[in-house]
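Asks: Let chain A serve as the given structure and place chain B on it in line with the hints.
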Amino acid sequence: MTLSPTESAVRDYLLTEILYDRNLQDLPADENLIDKGLLDSLAILKVVTFCEEQFGVTIPDTEVLPDNMESVRTIAALVERVRSGH
Amino acid sequence: MTRVLPDLLATSAARHGARDAIVMDGSRMSYTALEQGANRLARSLAAHGVRRGDRVGMWLPKSPEAVMAVWGILKAGAAYVPVDPGAPPARLGFIARDGAIAGLITRADRAPGLAEAFADGAPMRALWYADDPAKAPRIAGLPGVPWRALAAESDAPPDPAPTPDDLAYVLYTSGSTGEPKGVMHTHASALAFVEWAAETFAVGPDDRVAGHAPFHFDLSTFDLFATARGGASLHPVPARAASFPAAIAKLYTGERLTIWYETPSGLVLMLTRGNLRQLDLSALRVLLFAGEVMPVKVLRELMALAPHARFANLYGPTETNVCTWHDVTAPPSDDRALPIGRACSGDTLAILDESGSPVAPGAPGELWVHGASVMRGYWGRAERTAETLRPIELPAGGTAVAYATGDVVRDSGDGVLEFLGRRDHQIKTRGYRVELGEIEAVLQRHPSVAEAVVLAIPDPEITHRLIAVVVPAAGAAIDEASLKQHCAAALPRYMVPEHIGARDALPRTSSGKVDRRALLPSTPSGDPAS
Numbered sequence: 001m002t003l004s005p006t007e008s009a010v011r012d013y014l015l016t017e018i019l020y021d022r023n024l025q026d027l028p029a030d031e032n033l034i035d036k037g038l039l040d041s042l043a044i045l046k047v048v049t050f051c052e053e054q055f056g057v058t059i060p061d062t063e064v065l066p067d068n069m070e071s072v073r074t075i076a077a078l079v080e081r082v083r084s085g086h
Numbered sequence: 087m088t089r090v091l092p093d094l095l096a097t098s099a100a101r102h103g104a105r106d107a108i109v110m111d112g113s114r115m116s117y118t119a120l121e122q123g124a125n126r127l128a129r130s131l132a133a134h135g136v137r138r139g140d141r142v143g144m145w146l147p148k149s150p151e152a153v154m155a156v157w158g159i160l161k162a163g164a165a166y167v168p169v170d171p172g173a174p175p176a177r178l179g180f181i182a183r184d185g186a187i188a189g190l191i192t193r194a195d196r197a198p199g200l201a202e203a204f205a206d207g208a209p210m211r212a213l214w215y216a217d218d219p220a221k222a223p224r225i226a227g228l229p230g231v232p233w234r235a236l237a238a239e240s241d242a243p244p245d246p247a248p249t250p251d252d253l254a255y256v257l258y259t260s261g262s263t264g265e266p267k268g269v270m271h272t273h274a275s276a277l278a279f280v281e282w283a284a285e286t287f288a289v290g291p292d293d294r295v296a297g298h299a300p301f302h303f304d305l306s307t308f309d310l311f312a313t314a315r316g317g318a319s320l321h322p323v324p325a326r327a328a329s330f331p332a333a334i335a336k337l338y339t340g341e342r343l344t345i346w347y348e349t350p351s352g353l354v355l356m357l358t359r360g361n362l363r364q365l366d367l368s369a370l371r372v373l374l375f376a377g378e379v380m381p382v383k384v385l386r387e388l389m390a391l392a393p394h395a396r397f398a399n400l401y402g403p404t405e406t407n408v409c410t411w412h413d414v415t416a417p418p419s420d421d422r423a424l425p426i427g428r429a430c431s432g433d434t435l436a437i438l439d440e441s442g443s444p445v446a447p448g449a450p451g452e453l454w455v456h457g458a459s460v461m462r463g464y465w466g467r468a469e470r471t472a473e474t475l476r477p478i479e480l481p482a483g484g485t486a487v488a489y490a491t492g493d494v495v496r497d498s499g500d501g502v503l504e505f506l507g508r509r510d511h512q513i514k515t516r517g518y519r520v521e522l523g524e525i526e527a528v529l530q531r532h533p534s535v536a537e538a539v540v541l542a543i544p545d546p547e548i549t550h551r552l553i554a555v556v557v558p559a560a561g562a563a564i565d566e567a568s569l570k571q572h573c574a575a576a577l578p579r580y581m582v583p584e585h586i587g588a589r590d591a592l593p594r595t596s597s598g599k600v601d602r603r604a605l606l607p608s609t610p611s612g613d614p615a616s
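Chains A and B, in that order, are what the protein sequence lines are.
Under my numbering, think of the first position of the first sequence as 1, with each following residue one higher.
Under my numbering, think of the first position of the second sequence as 87, with each following residue one higher.
Only true hints are included.
List of simulated lysine-lysine pairs, DSBU-like, C-alpha gap at most 35 Å:
| id | chain 1 | residue 1 | chain 2 | residue 2 |
| --- | --- | --- | --- | --- |
| 1 | A | Lys36 | B | Lys221 |
| 2 | A | Lys36 | B | Lys336 |
| 3 | B | Lys383 | B | Lys336 |
| 4 | B | Lys336 | A | Lys46 |
| 5 | A | Lys46 | B | Lys599 |
| 6 | B | Lys599 | B | Lys514 |
| 7 | B | Lys514 | A | Lys46 |
| 8 | A | Lys36 | B | Lys514 |
Since the hints were made in silico from the structure, they are not lab data.
Isolated chain A (complex conformation) (with noise of 0.2 Å):
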């Protein structure tokens, strides 16, 4: 499946520096990274900044959660939310 420019930059980035432990081949787009513990609080604050820097948004707190945080997919849906104001 192809994936927008976002959801490569957020793969590549959860890839080298969060999942170390796993190869490239095996993180589908919709593979839920909380539900098998892939991700902790501080993975999580990474992922939060390096979004704000690379796609130059500011994720609010309030929307750092579960629902939009389990998935390269839904983490690239919450930047597009946010940056385009709604």
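Replies: Just chain B, lined up with the frame of chain A:
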């Protein structure tokens, strides 16, 4: 009165069985249901050969079933051994073998990890699957019991009941020599703390208690047992929400929880990232914190947000339960570190110098703890136990066995202690206690590494971040990603260094020790404190 932990649950079930024991994700379990479910599980454990004095492992996320598992194991007369649900299979396998567990309570959806952990055989006799699979996976050729099978067991308390000196739980903590070690607590040593805490903070049937600490972390014993003693309801934080400060803060305030017991890191994150300032804290009655130094500024802000609540600083290594406490009666007026306070849980304290003699009044020294809440020892490590549990002369006279905490404290007057620091390389990150030596030992097992040093960088939100500096073995190249992968396969996530840099040699002090301070400013991989 002689008591054991299951008495707490049985008494609350008899007094108000219809009240909520557990509230989680919108579902509720009454005290009667919890008591009966735990009795059934205890009987199922016994039917598969779990005997009084055995250990039973737990490897599953927080859930009503996990709470029931704790009680069922205790009622069977066994000790529960909770393994970090996020730990890699290798660590589960190590703890299971080290603790010689007789059974394991887990989930069938973890079958791949279970198969990996027990590829070379398993010490237990059976596995119990809390997610109730239609077909129980077969791990290491062992019987698998789906949760629905418990319904066939009687809901009456099993015989024989445990006695106060039986082991109640074994908590594995980071070990400086490269392997985690199991801290053994009995029903009596657990109750010494639980009874004190439940009395002091008047935990009662109208309380709603937060359950954030994972069960392998000793803060959870308050949540589990003081809650049951008071007949209050326990509100476990679902694993899905546990890493999200905003979700936790919303849960605590939305469910109008009355007692929170948190690490300072957890509270800081709720303030800085969790929108806590905008939420309604009117239900909060008691806020307890432990596990790390509480920043005074944060405490002051929390006290301003909940001026009606009682705040207390609790202190104690896993080995002693909580052994001192400081009741914060008014917001601190200056920025001096918050005291760890006075002895509690029936313990006696001594501050000794390196020769084992009491220090002069007000002078710094190592804190030794003697008393009812102190552990029995480290599972299977008689030598390590003998090094840390040693006879000392008590301040009031006489000798007694006490635990050497490794923490340096001073008496600021009237028995109120101040925490000054550590004697060794143990640090805290997100409330977890970490021996830097354990991470170093894992790094040094990698073929490309000749030497490794792990450094703790102070961080305002999570206390410390971890970075590593390694010296490559002759002719080897260092690949940061594969070293992190190597660490993640052996260690819990919070122990994997964020950055691993290479150097040709490590700076040394004049005595030949690695000069950790000299490594800090020139550490590669950018600015870890940002």
